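Enquirer: Can you make the complete structure from the sequences, with help from the hints?
Below are the chains, spelled out letter by letter.
Protein chains: 2
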Amino acid sequence: MTENSIKFGILGCAQIARKVSRAIHLSPNSTLYAIGSRSIEKANKFAADNGFPETVKIYGSYNEVLNDPDVDAVYMPLPTTLHVHWGVLAAEKKKHLLLEKPTALSVADLDLILEACRANGVQFMDGSMWLHHPRTAKMKDMLRDTQLFGQLNSPDLDSLGALGDVGWYCIGAILWATDYKLPKTVCTLPKLTCNQQGVILACGASFDWGEDGKAATFYCSFLSNVSMDLVLYGTNGSIHLEDFTIPYEESSASCDLSSGANFAELQVGWTVKPVKVQVASELPQEALMVQEFARLVENIKKNGKSPDGKWPEISRKTQLVLDAVGKSIELGCKPVDI
Amino acid sequence: MTENSIKFGILGCAQIARKVSRAIHLSPNSTLYAIGSRSIEKANKFAADNGFPETVKIYGSYNEVLNDPDVDAVYMPLPTTLHVHWGVLAAEKKKHLLLEKPTALSVADLDLILEACRANGVQFMDGSMWLHHPRTAKMKDMLRDTQLFGQLNSPDLDSLGALGDVGWYCIGAILWATDYKLPKTVCTLPKLTCNQQGVILACGASFDWGEDGKAATFYCSFLSNVSMDLVLYGTNGSIHLEDFTIPYEESSASCDLSSGANFAELQVGWTVKPVKVQVASELPQEALMVQEFARLVENIKKNGKSPDGKWPEISRKTQLVLDAVGKSIELGCKPVDI
Chain A
1 MTENSIKFGI LGCAQIARKV SRAIHLSPNS TLYAIGSRSI EKANKFAADN
51 GFPETVKIYG SYNEVLNDPD VDAVYMPLPT TLHVHWGVLA AEKKKHLLLE
101 KPTALSVADL DLILEACRAN GVQFMDGSMW LHHPRTAKMK DMLRDTQLFG
151 QLNSPDLDSL GALGDVGWYC IGAILWATDY KLPKTVCTLP KLTCNQQGVI
201 LACGASFDWG EDGKAATFYC SFLSNVSMDL VLYGTNGSIH LEDFTIPYEE
251 SSASCDLSSG ANFAELQVGW TVKPVKVQVA SELPQEALMV QEFARLVENI
301 KKNGKSPDGK WPEISRKTQL VLDAVGKSIE LGCKPVDI
Chain B
1 MTENSIKFGI LGCAQIARKV SRAIHLSPNS TLYAIGSRSI EKANKFAADN
51 GFPETVKIYG SYNEVLNDPD VDAVYMPLPT TLHVHWGVLA AEKKKHLLLE
101 KPTALSVADL DLILEACRAN GVQFMDGSMW LHHPRTAKMK DMLRDTQLFG
151 QLNSPDLDSL GALGDVGWYC IGAILWATDY KLPKTVCTLP KLTCNQQGVI
201 LACGASFDWG EDGKAATFYC SFLSNVSMDL VLYGTNGSIH LEDFTIPYEE
251 SSASCDLSSG ANFAELQVGW TVKPVKVQVA SELPQEALMV QEFARLVENI
301 KKNGKSPDGK WPEISRKTQL VLDAVGKSIE LGCKPVDI
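Line order of the protein sequences matches chains A and B. Going letter by letter, the first sequence gives residues 1 to 338 in the UniProt record's numbering. Going letter by letter, the second sequence gives residues 1 to 338 in the UniProt record's numbering.
A hint or two may mislead.
No copy is singled out in the list; a pair is fine if it fits within one copy or between any two copies.
List of simulated lysine-lysine pairs, DSSO-like, C-alpha gap at most 30 Å [to be verified]:
| no. | residue 1 | residue 2 |
| --- | --- | --- |
| 1 | Lys273 | Lys138 |
| 2 | Lys138 | Lys276 |
| 3 | Lys184 | Lys334 |
| 4 | Lys327 | Lys184 |
| 5 | Lys93 | Lys302 |
| 6 | Lys57 | Lys7 |
| 7 | Lys57 | Lys93 |
| 8 | Lys140 | Lys276 |
| 9 | Lys184 | Lys317 |
| 10 | Lys140 | Lys273 |
| 11 | Lys181 | Lys334 |
No lab work stands behind these hints: they were computed from the structure. Since the model is a prediction, treat every value here as computed from it, not as a measurement.
Expert: Structure representation (C-alpha cells):
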C-alpha cells in the first residue's frame, strides 16, 4: 500500500471478488483496504482463504464499509437485484463505484445508480475487464486502419453464457466494435432455450444499423463448452479471436488478422493467410481495469476533476441494448426498434 | 487417359470450369474428354488458354457433347437458370451429372432434374468440393466423439457471398454438421442488403431444430473481405476453421479443436488451449470430388450398380432449406417452418 493509492472496499464475497481483489493488489495505484460481508465470519474466512494482508479491515456488514471514511471506492459484486439499493447508497456515501456486470435489471434501474453517481460526483465504471486489455486497443487500431480493414460491416460474436451474464459481453463487444453507435433494430434468433424456471440458458440476437450497412449477431449459451469468439468482418479484412473476455494467458493475447485476402488463381487456395497479432500485457486486464478506475478516482479526489462520463455511457448503452433483446424475446422474437 | 477412366464432357466455359477441368485431370479415374460451348471459337480459346490436351474434343454446342456416345458424364457449370433444361436433357441422354451449385432456382426445379436422373439411372452429384476434403471427414469424426465434443448444439457459420452462391455452402455446412436433419424453423436475420436491382448482397438466417437443442446461424455477404468461417459448438468442445470452402493450401488443411476447456483458477486464463488438427490431402478436394463421382459412375457403368442416392439427397435438402430462407426474406424476416 502506498500513501497515495486509492483504497478499495469490497462488498460481498462472490467468487469474482477473488479475482478482482488480486487485481486491486496487482494494480500499482490501488490498495485493498476493506471487505464487508453479511456476516463477519464469512468475511474473515474469505480474507483468510485468499491470503488478504492483515491490514485489510474486515466488516460484518456492507454498511460498515460504506461508512468507513477512509474507503475511496467500492467494488460491488453483489447479485444484480441488489445493485440499485447498494449502488445508490454507495454513491450517496461518496464512494466511487466499480460495479460488476450485468449492472442492473433494466436501464431504468441503472439510471437510478448513474444519477446517484452524477449527483454525488463519484466515478462509475462497470467490471468489463476485457476493455482494458491492450489487445483491445490494438484491435481498435486495426479496425480504424481502412487500408487494412476497410469499413466494418458485420461484427459477429458467439460466446458462452446466458443473456444477462455473457450476453452483456456480447452486446458490449458489438457496441465497442461499432464505436458505441446504437443499432436501429434488434431481433432475437428463433432458438431460445430456457430451463423449467424460465431462466434463459441459450439465446441470441441480430442487430441492424440500417443504412450504414453494419450488422451483428451474437449467440450465447450455457449448454456449450467454454467458447468466447469474437469475429469482425470489414470490407478489406477480418479479425478473429477465440478468447475475447478471458485471454488464454495473462502475459499476452493474440488475434488473427486477415487483410486484403483473395483467392489464388483457379480458386485453389488463398493469396494471403491470416497473421497472428500478439499483444503483450504488463498486468492482467483486470488489474489494468482497476488501475484505470483508480486513476480516475485520484483525478477526482486529488485534482478536483469531474468523473469521466465515458464509462457510465458504455454501461448504459450496453444495458439499453440488453433491454431491447429482452423485449424482443418477450414479444416472441419480433424486431424491436431502439 | 487410362482405358477404364470415366470420360467427362464439360458444358460451358465458366471460370469455375478451369478449376474443375484441372481436377478431372488430377483425378486418377477420370479423363477430360470433351468441352462444348455455344461457339466453337470460345471452346477452342478456352481449351488453348487452359492447356487442354489435343485429345480433348471441342464442340461448338452443348448438344454435340450430349450426343457424343463416348461421353460418360457431364460437368455442368452453366448459369443456374439453364440447369433444368440442360440437366434434364443430359440425364435423358444417359449422361451422369456433376452439377455446379446452386443446383436450381427452387426445390421444384431441382426435383425435375433429380427425377430425370432417377428415371435414366444416372448418377447425380452437386459441385460442393469441400465435402470431399479429408479434413471434412476428420471433423465429422471429432463431432461424433462425444467425449471430445459432446452433443452438437450450436453450429454457427459466417461466410462471404450472396445467398444463392455462398449461402449454398453455409446451409450445406449446417446440414452436414447436423447429419442432414432438417431444421424445424428458419428465420432470416433483420439485416438484408440488396442492390438497386434487388439482388441480395448480404443476408443471414438462423435455424432452430426445436426440442433436440440444436441451433445454427449463418451470415453471408458480398460486402466483406473474403472470409469462410465455420464454427461448431458442442457441449464438450468446439471446432473453428476460417477456410472451410477453399482451404488455404492444397496439400493439407487444419482446424482448431477445443475440448474440455474450462477457466483456470480465478478465471485468469484457460485450462486447455485449442489444438490445431492438421489433415493432409493427397489430391486437391475438387479432384477428390471428381474421383468419387467417377467411382460411382464406374460402378454403374461397369458393375451394374444403381446410382448412389446420398448425393442427390444432400443437394435436395440444401435446396429445400435455401428455399425456406428465401421465403422468410419474402415475408419480411418472418419464421418459416420446414
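Enquirer: Does each hint hold? Answer for all of them.
Expert: Each hint tested on the structure:
1. Taking the shortest Cα distances, Lys273 and Lys138 sit within 30 Å of each other both inside one copy (20 Å) and across copies (22 Å).
2. Both within a single protomer and between protomers do Lys138 and Lys276 lie at most 30 Å apart by alpha-carbon distance, with minima of 12 Å and 25 Å respectively.
3. Taking the closest pair of Cα atoms, Lys184 and Lys334 come within 30 Å of each other both inside a single copy (14 Å) and across two copies (18 Å).
4. Taking the closest pair of Cα atoms, Lys327 and Lys184 come within 30 Å of each other both inside a single copy (14 Å) and across two copies (24 Å).
5. When the C-alpha separation of Lys93 and Lys302 is checked against a cutoff of 30 Å, the pair qualifies only within one copy, where the shortest distance is 18 Å, while the shortest distance between copies is 89 Å.
6. Proximity of Lys57 and Lys7 under a CA criterion of 30 Å is satisfied intra-copy only: 11 Å inside one chain copy versus 85 Å between copies.
7. For a Cα distance limit of 30 Å, the shortest separation of Lys57 from Lys93 inside one copy, 18 Å, qualifies, whereas the shortest one across copies, 90 Å, does not.
8. Taking the closest pair of Cα atoms, Lys140 and Lys276 come within 30 Å of each other both inside a single copy (16 Å) and across two copies (27 Å).
9. In the homo-oligomer, the alpha carbons of Lys184 and Lys317 lie at most 30 Å apart inside one protomer (13 Å), although the nearest pairing across protomers, at 34 Å, exceeds that limit.
10. Taking the closest pair of Cα atoms, Lys140 and Lys273 come within 30 Å of each other both inside a single copy (21 Å) and across two copies (25 Å).
11. In this homomeric assembly, Lys181 and Lys334 come within 30 Å of each other (Cα to Cα) both inside a single copy, at 22 Å, and across copies, at 26 Å.
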